[in-house]
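Q: Kindly generate the complete structure, drawing on both the sequences and the hints.
There are 2 protein chains.
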Amino acid sequence: MEFAVNSPALDLLFREAHTTHTFTDEPVTDRQIQGIYDLVKLGPTAFNQSPLRITIVRTAEARERLLTHLVEGNQAKTAAAPLSVILSADAEFHAELPRLFPAFPDAKDAFFAERPVREQSALVNAAMQAAYFIVGIRALGLAAGPMNGMDPDGIQKEFLDADHLPLMVVNIGKAAEGGHYPRGPRLDFAEVATTV
Amino acid sequence: MEFAVNSPALDLLFREAHTTHTFTDEPVTDRQIQGIYDLVKLGPTAFNQSPLRITIVRTAEARERLLTHLVEGNQAKTAAAPLSVILSADAEFHAELPRLFPAFPDAKDAFFAERPVREQSALVNAAMQAAYFIVGIRALGLAAGPMNGMDPDGIQKEFLDADHLPLMVVNIGKAAEGGHYPRGPRLDFAEVATTV
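Read top to bottom, the protein sequences are chains A and B.
For the first sequence, my numbering begins at 83 and goes up steadily by one.
For the second sequence, my numbering begins at 83 and goes up steadily by one.
Misleading hints may appear alongside valid ones.
As the list makes no split between identical chains, a pair holds if one copy fits it or if it spans any two.
Unchecked claim - List of simulated lysine to aspartate or glutamate pairs, EDC-like, C-alpha gap at most 16 Å:
1) K123 <-> E98
2) K256 <-> E84
3) K159 <-> E108
4) K123 <-> D270
5) K123 <-> E273
6) K123 <-> D93
7) K256 <-> D112
8) K159 <-> E259
9) K190 <-> E174
10) K190 <-> E273
11) K239 <-> E146
12) K256 <-> E196
I should point out that these hints are in silico values taken from the structure, not numbers from a laboratory.
No experiment lies behind these values; they were computed from the predicted model shown.
A: Okay, structure coming up:
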């Protein structure tokens, strides 16, 4: 298959990339997180709703509080990671829609007047942005350790508010040698695709 | 910001990429869709659950059926696109978990015994895979036109089954000159990020 992106880039973004549990000590700066965001914010979402929100857990005190809401198996690796971020979905994203989607200023009320609809849309579209964000981390030469093993209610109460739905925690840093497990098997194309 | 991926690649994947409504006549083959899938299947999902399923709408007859379930504004551009795919989430993904996540063969029953939990997990993780898929389309030098403007129940009844939840339809092809609208504004980093 002839890609338009060169092979080293595809290796870095997908083929040689792994969910990482152990990182080097090299710090990760807020400026790097902004660089990743400014790249991947360009990825598409429905109505350009852009519901992803990022909580950068920077201080030792905040990290301690984060650990108490992770499952035990995620605590030590998160304590040792250079940086962790909480990715959440803003269920009130529609307030910004007239600015974000000026082609249809009425979308806010026409499609997103109801909170359950907004929550579902925010979760699905923030998940898309979380995927772009992971690709962006790798584009910067860093590795990502995304985790769902957490108490979402605890995370929400501790760091967010009722309008921000926790999606995942992502550890970020330079991958340490051997800092990942062997890749799990993936489903073959024939198992996931149908042609009609 | 110093990225590890070169600038032409980042331009192609994000900076110069646009949701596309008009494509050239150049066909898109199933082999190309497989090439995209085989790259982006490597992107991470929770428990490696990999719930994304792809329905390639290839025949003229199937495309006609698809059009009837799209909102009017999406019909003409889909009729003219080289290829459309329906992306859906398999709510019964857990059946494959013992194979996909051998490190914890019990995850299937421990976390995903309940259908509503599976549906939510499938939608969120298939959305992540849809985002990787869009990145993969662009990596191949093609353009994507993802759309939510559809009747999901109609799509499900026409092309899927009760276990497959429609996520979006994506038109795929070589972008035509002027085949996209100007990019909508994005939220600034300061609007989405908090440091604690």
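Q: Work down the list of hints and note, for each, if the structure agrees.
A: Tested hints:
When the C-alpha separation of K123 and E98 is checked against a cutoff of 16 Å, the pair qualifies only between copies, where the shortest distance is 13 Å, while the shortest distance within a copy is 24 Å. In the homo-oligomer, the alpha carbons of K256 and E84 lie at most 16 Å apart only across protomers (14 Å), although the nearest pairing inside one protomer, at 30 Å, exceeds that limit. Proximity of K159 to E108 under the C-alpha cut-off of 16 Å is restricted to the intra-copy arrangement: shortest distance 15 Å within a copy versus 48 Å between copies. In this assembly of identical chains, the alpha carbons of K123 and D270 lie at most 16 Å apart only when taken from different copies (9 Å versus 30 Å within one copy).
Only between protomers do K123 and E273 lie at most 16 Å apart by alpha-carbon distance; the minimum there is 12 Å, versus 32 Å within a single protomer. Taking the shortest alpha-carbon separations for K123 and D93, only the inter-copy value of 13 Å comes in at or below 16 Å, while the best intra-copy value is 22 Å. For the identical chains of this complex, K256 and D112 are intra-copy neighbours only, at 15 Å inside a copy versus 37 Å across copies, given an alpha-carbon limit of 16 Å. In the homo-oligomer, the alpha carbons of K159 and E259 lie at most 16 Å apart inside one protomer (15 Å), although the nearest pairing across protomers, at 48 Å, exceeds that limit.
For the homomeric pair K190 and E174, the shortest alpha-carbon distance inside one copy (10 Å) is at most 16 Å, but the shortest distance between copies (33 Å) is not. Neither within a single protomer nor between protomers do K190 and E273 lie at most 16 Å apart by alpha-carbon distance, with minima of 38 Å and 19 Å respectively. Taking identical chains as interchangeable, the C-alpha atoms of K239 and E146 lie at most 16 Å apart only when both belong to the same chain, with a minimum of 15 Å there against 49 Å between chains. Taking identical chains as interchangeable, the C-alpha atoms of K256 and E196 are never at most 16 Å apart, the minima being 42 Å within one chain and 37 Å between chains.
Violated hints, in rising order: 10 and 12; the structure is consistent with all others.
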